[in-house]
Amino acid sequence: MGLFDFLGGSKEDRETKKIRELSKKTQEKYGDPATRARALEGLRDIGTPAAIGALLQRFGVKTEPGITDAEEKEYTLSLVTSFGDKAVEPVLDFIRRSDNVAWAVRCLDELVPEPELVTLLSGILQKLSQEYARDPEKKVVLVNRLSTVRDPAIVPVLLPLLEDPSDEVRTSTLNNLVSQDATSAAGAIADCLVQAEAPRVRAAAAAALADLAAPVEDRRDALAGKLPAGFALDKDGIVRRS
1 MGLFDFLGGS KEDRETKKIR ELSKKTQEKY GDPATRARAL EGLRDIGTPA
51 AIGALLQRFG VKTEPGITDA EEKEYTLSLV TSFGDKAVEP VLDFIRRSDN
101 VAWAVRCLDE LVPEPELVTL LSGILQKLSQ EYARDPEKKV VLVNRLSTVR
151 DPAIVPVLLP LLEDPSDEVR TSTLNNLVSQ DATSAAGAIA DCLVQAEAPR
201 VRAAAAAALA DLAAPVEDRR DALAGKLPAG FALDKDGIVR RS
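Sequential numbering from 1 applies to the sequence shown in the UniProt record's numbering.
The set of hints was computed from the structure by calculation and includes no laboratory data. We put the CB at the ideal spot given by N, CA and C, even for glycine. Please note that a few of the clues may not be correct.
Ranges of calculated distance between the beta carbons of each label pair, as one might list FRET restraints [stated by the list, open to error]:
#1 Asp151 with Asn100: 21 to 27 Å
#2 Glu12 with Asn100: 28 to 34 Å
#3 Asn144 with Ser82: 44 to 50 Å
Build the full structure now, drawing on both the sequences and the hints.
Written as structure tokens, this is what we have:
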């Protein structure tokens, strides 16, 4: 054991302590913006995966005023993405572990090609679909990001979310299925409509069926009396706007 180990621990220990101190400063909600900026730059200068992970923690705190908060988060995004491939795993780890992921998804958007982004986010969303979440925001963010891409591989990832406890998750999923032109999901959408208690979910499901124009004749009896005002099932078993 060397002298420095007695004085202040190993180099790794000192670096871990420094990262922890800087991370705390970046998250001081009512602190001096200049102090937070210097702490962010200190983490950038360390540049290890752990330091990148600490940079990402800034996204989980909202400071005042809001305009400063947005500017700092944009700056943090630029620092994270400046690491290129080195930042991908810390960003993915943050998305997997954290609830507030919108900014981290933006980081990933800049770090990997879109096909890889779809694969990565779909994998995370598939795991999330099997879990209860007190706050639905994370699922909604991922569903909405995937709605901007047309890829048949997304559809089976979305289907379990039609049974999610959150109305917001279900309506976002319904909108995404329309974006995917997922006519194969019409039966599952009809089941979602029948089972939904919230009027806005029933309305979103009916609108999705009308937009997809896919027959659901085998659900005619189940849909009877369930379609919201302004929708009807035609003779071919297709939901139409009336």
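Here is how each hint holds up against the structure:
| no. | hint | result |
| --- | --- | --- |
| 1 | Asp151 with Asn100: 21 to 27 Å | holds (26 Å) |
| 2 | Glu12 with Asn100: 28 to 34 Å | holds (29 Å) |
| 3 | Asn144 with Ser82: 44 to 50 Å | violated (26 Å) |
The structure fails to meet hint 3 from the earlier list, while all remaining hints are met.
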